[in-house]
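Number of protein chains: 2
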Amino acid sequence: MKHYNLGFLGFGNVGRALARLLVAKSTELRERYEIEWSITGVATRGMGWRARREGFQASSLLGNSVDASSRPALSTGINEWLRGARPDVVFETTSLNHETGQPAIDYLTAVLKFGSHAITANKGAVVYGYDELSKLASAAGKSFFFESTVLDSAPVFSLFRETLPAVKLRAFSGIFNSTSNVIIETMEAGRSFDEGVKMAQELGITETDPAHDVDGWDATVKVCALAKVLMRLPLKPSDVRREGIRSLGTQKLQAARIDGKPYKLVARATLSDNGSSLNASVKPEQLASTDPLGNVRGTSLAVHFELDMMPGLTITSHRPSLHSTAYGLLADFINAASG
Amino acid sequence: MKHYNLGFLGFGNVGRALARLLVAKSTELRERYEIEWSITGVATRGMGWRARREGFQASSLLGNSVDASSRPALSTGINEWLRGARPDVVFETTSLNHETGQPAIDYLTAVLKFGSHAITANKGAVVYGYDELSKLASAAGKSFFFESTVLDSAPVFSLFRETLPAVKLRAFSGIFNSTSNVIIETMEAGRSFDEGVKMAQELGITETDPAHDVDGWDATVKVCALAKVLMRLPLKPSDVRREGIRSLGTQKLQAARIDGKPYKLVARATLSDNGSSLNASVKPEQLASTDPLGNVRGTSLAVHFELDMMPGLTITSHRPSLHSTAYGLLADFINAASG
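Protein chains in written order, with the numbering used here: chain A, 11 to 349; chain B, 11 to 349.
If you're looking for bench data, these hints aren't it; they were derived computationally from the structure.
Check each hint, because a few of them may be wrong.
If several chains are the same, the list does not tell them apart, and a pair holds so long as it fits within one copy or across any two.
Here are the simulated DSS-like cross-link-like pairs (lysine-lysine), alpha carbons at most 27 Å apart as the crow flies [unchecked claim]:
#1 K12 <-> K145
#2 K293 <-> K145
#3 K145 <-> K262
#4 K208 <-> K12
#5 K12 <-> K123
#6 K208 <-> K178
#7 K293 <-> K262
#8 K145 <-> K238
#9 K293 <-> K12
#10 K262 <-> K12
#11 K246 <-> K208
#12 K178 <-> K12
#13 K293 <-> K123
#14 K262 <-> K246
#15 K123 <-> K262
#16 K271 <-> K123
#17 K271 <-> K178
Bear in mind the structure is a predicted one, so any value in this text is a computation, not a measurement.
Generate coordinates for the entire structure from the input sequences, incorporating the hints supplied.
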């Protein structure tokens with residue numbers, strides 16, 4: 011049996027869902043993986059940098075009563091927090107900056123230098139920090155994992171890392187942004203763009219400002235993360251031809267649906283002939299139902315890979331929930347602990 | 011760098027494709043995985059038990075000139091063959107017996123007792139021998155892998171073993187037999203069952219006698235293998251409600267296709283409410299295009315999982331080739347060597 015101190019950098023919807031999942035799976039973690047855990051650090055904008063070596067009550071954290079439960083130490087920044095919480099694993103779920111990946115990269119750097127496993131839900135940290143963070147992790151003998159950044163909890167990065175040795179990835183395509191597809195489907199049913207946004211908000215899959223989703227940034231950053239990790243090619247968001255869904259009108263969408271080739275926001279990356287660069291785009295495309303991504307609907311997500319060893323391999327995640335996203339982080343934790 | 015002696019038990023289409031793949035990937039195996047290899051044993055009905063400690067020429071083996079190349083020793087049975095070839099890894103690709111899993115289980119038992127990794131393409135060995143062979147492998151510190159037995163080269167067993175810790179599988183469904191689906195699609199185009207069989211034979215996906223495919227045995231044995239390994243439930247082929255595709259007439263198939271719900275041979279297994287048994291079937295079903303398996307066509311294969319952590323996860327392998335099947339065995343080899 012090994013005990014793990016856990017640190018939460020960010021404790022919003024995903025962090026909270028993960029804490030609930032850890033509680034729900036605690037017996038299985040102990041019996042099957044010999045993992046015991048306590049949360050010794052939590053940091054959020056609201057509560058500051060909080061550390062408590064003897065552990066917080068998960069129930070108090072989830073009930074927002076961190077202070078009453080423990081009077082935890084208030085650190086001045088990440089390094090003091092790490093020294094106070096002594097985490098074996100840090101879950102980083104702070105907000106995304108798609109142009110720099112900061113401050114997540116600085117946080118993860120500090121975490122790995124301290125000697126903890128670093129697990130992030132932050133795509134930007136992968137796009138802008140993968141090389142440096144991987145080197146740090148390797149030098150420290152720790153894991154830098156980020157399974158939940160693309161396609162939610164469905165295995166994508168671990169699929170290639172663990173199950174597909176010696177393959178060459180030639181191209182991939184994907185439906186990576188559920189907000190855009192929910193809006194498109196709402197408009198196909200005759201309603202407006204704004205009603206589509208409202209629908210996505212009610213489903214809890216988009217922010218108050220949906221720009222990040224509908225202008226294609228979310229899908230673009232995911233393309234860059236996949237290119238970087240699976241193809242070892244640096245691709246910046248500005249290298250991706252990006253076109254969002256704002257210009258699609260209700261009539262155009264309805265006509266395409268009736269024609270059997272509805273629009274979806276599709277992400278693509280294809281290796282150049284000499285294998286040294288990528289041709290990448292995120293844009294609305296009409297897909298026939300025979301397309302590998304053709305029957306991805308609603309909040310479902312999918313990625314399609316073209317490999318030297320297999321003509322096509324598609325992974326589809328149907329209607330992932332917040333619970334599923336949290337599972338991506340839990341799986342990273344167990345894999346890091348077992349690794 | 012580590013050198014691996016490789017033994018081939020069976021050297022038919024799959025074994026040959028694997029040998030070609032090993033040659034094609036030899037530089038990458040050396041440079042990326044520090045794996046060097048030579049084939050020190052081959053056994054087939056035609057050539058008998060052949061061992062050559064200094065290695066066969068892969069090109070000679072592929073050219074059917076094993077004798078000319080090497081005058082290899084002729085052993086009297088598997089144990090003498092193992093002592094002669096001293097394989098680190100044995101690839102077992104002998105014919106399937108779907109009622110007993112023999113002689114594959116006896117071969118794999120001998121291989122693991124000798125102290126080699128055992129890699130098989132044989133579903134029967136998984137259905138009837140999984141517990142015993144896993145125990146032997148574990149005791150010997152070796153791997154018993156069988157990724158290519160279901161869904162060809164697409165990761166299924168390794169997906170659960172390596173990337174999906176702490177999940178509970180509640181149900182799965184799949185399109186596991188491409189021959190049946192090619193026949194159905196040929197008949198939808200107005201042709202006869204026999205013409206469908208001929209088409210499948212021309213595609214190289216079925217034997218002279220297609221009974222094993224069209225009567226649902228192939229899919230049934232795959233359901234049992236998945237149940238045994240992923241759900242730890244013993245399911246015998248006789249426990250599966252099995253109905254093949256022979257009773258489907260051309261008109262019925264055409265009408266279903268026009269109706270937008272074409273028939274496919276679908277395999278299903280669902281956990282009982284108390285979690286102790288399975289309700290399993292293999293039978294023709296009409297699938298709408300919105301079904302997770304709804305757009306699997308031609309020789310493509312797919313499996314759909316329902317998990318406690320994810321509402322649905324579908325893996326689709328598009329038009330796998332013999333090359334892809336061989337890759338399943340290669341991936342097992344690299345994973346065993348890295349493990």
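Here is how each hint holds up against the structure:
{"no.": "1", "hint": "K12 <-> K145", "in the structure": "both (26 Å within a copy, 25 Å between copies)"}
{"no.": "2", "hint": "K293 <-> K145", "in the structure": "neither (34 Å within a copy, 51 Å between copies)"}
{"no.": "3", "hint": "K145 <-> K262", "in the structure": "neither (48 Å within a copy, 60 Å between copies)"}
{"no.": "4", "hint": "K208 <-> K12", "in the structure": "neither (46 Å within a copy, 59 Å between copies)"}
{"no.": "5", "hint": "K12 <-> K123", "in the structure": "within (22 Å within a copy, 33 Å between copies)"}
{"no.": "6", "hint": "K208 <-> K178", "in the structure": "neither (41 Å within a copy, 34 Å between copies)"}
{"no.": "7", "hint": "K293 <-> K262", "in the structure": "within (15 Å within a copy, 40 Å between copies)"}
{"no.": "8", "hint": "K145 <-> K238", "in the structure": "within (14 Å within a copy, 40 Å between copies)"}
{"no.": "9", "hint": "K293 <-> K12", "in the structure": "neither (47 Å within a copy, 47 Å between copies)"}
{"no.": "10", "hint": "K262 <-> K12", "in the structure": "neither (58 Å within a copy, 60 Å between copies)"}
{"no.": "11", "hint": "K246 <-> K208", "in the structure": "neither (30 Å within a copy, 50 Å between copies)"}
{"no.": "12", "hint": "K178 <-> K12", "in the structure": "between (37 Å within a copy, 23 Å between copies)"}
{"no.": "13", "hint": "K293 <-> K123", "in the structure": "neither (39 Å within a copy, 56 Å between copies)"}
{"no.": "14", "hint": "K262 <-> K246", "in the structure": "neither (31 Å within a copy, 53 Å between copies)"}
{"no.": "15", "hint": "K123 <-> K262", "in the structure": "neither (53 Å within a copy, 66 Å between copies)"}
{"no.": "16", "hint": "K271 <-> K123", "in the structure": "neither (50 Å within a copy, 56 Å between copies)"}
{"no.": "17", "hint": "K271 <-> K178", "in the structure": "neither (31 Å within a copy, 36 Å between copies)"}
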